[in-house]
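> Take 79 as the starting number for the sequence shown in this note's numbering and just add one per residue.
What the hints contain is simulated information worked out from the structure, not anything from laboratory work.
Even glycine gets a Cβ: it sits at the ideal position worked out from N, Cα and C.
Each pair of labels, with its calculated beta carbon distance range:
id, residue 1, residue 2, range
1, Gly83, Asp154, 44 to 50 Å
2, Arg163, Lys140, 32 to 38 Å
3, Thr127, Lys164, 43 to 49 Å
4, Gly133, Met169, 43 to 49 Å
5, Lys115, Gly91, 24 to 30 Å
6, Asn90, Lys140, 23 to 29 Å
7, Arg105, Glu165, 48 to 54 Å
8, Thr97, Asp154, 50 to 56 Å
Below, a list of computed lysine-lysine pairs in the DSBU-like style, where the Cα atoms sit at most 35 Å apart:
id, residue 1, residue 2
9, Lys131, Lys100
10, Lys130, Lys120
11, Lys130, Lys100
12, Lys130, Lys140
13, Lys138, Lys115
14, Lys138, Lys100
15, Lys96, Lys140
16, Lys96, Lys130
17, Lys100, Lys140
18, Lys120, Lys131
19, Lys138, Lys120
20, Lys115, Lys131
21, Lys131, Lys96
22, Lys100, Lys120
23, Lys130, Lys115
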Amino acid sequence: MFRYGLIAPLVNGQVEPKTYLKEVSERVHHVPHQGDKRIAAKTILDWCTRYKKGGFDALKPKRRSDRGHSRRLSPDDEDHILALRKEHPTMPVTVFYEHL
79 MFRYGLIAPL
89 VNGQVEPKTY
99 LKEVSERVHH
109 VPHQGDKRIA
119 AKTILDWCTR
129 YKKGGFDALK
139 PKRRSDRGHS
149 RRLSPDDEDH
159 ILALRKEHPT
169 MPVTVFYEHL
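Starting from the given sequences, assemble the full structure and let the hints guide the process.
Laid out in structure tokens, this is it:
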């Protein structure tokens with residue numbers, strides 16, 4: 079498991095945390111199903127916390143709450159938001175989106 083591979087030296091006490099986090103967060107890692115990415119030190123610490131509380135299962139990626147729903151606006155919704163934006167130029171676009 080990719081995430082455990084990164085946190086194992088920390089949870090097993092094999093490394094000095096500050097140095098390890100700095101080194102690991104500066105490198106580019108090949109993340110399965112996502113490609114090459116940098117992993118923030120905070121993310122690694124979050125994974126450690128999750129592992130300590132829930133074991134391997136806690137390290138599994140969570141399903142998105144919007145899974146199965148389109149995150150893209152339909153052309154009609156886009157037009158509606160743009161029209162509202164013209165009527166209310168100071169209001170944030172997110173407010174219009176929330177009221178669809």
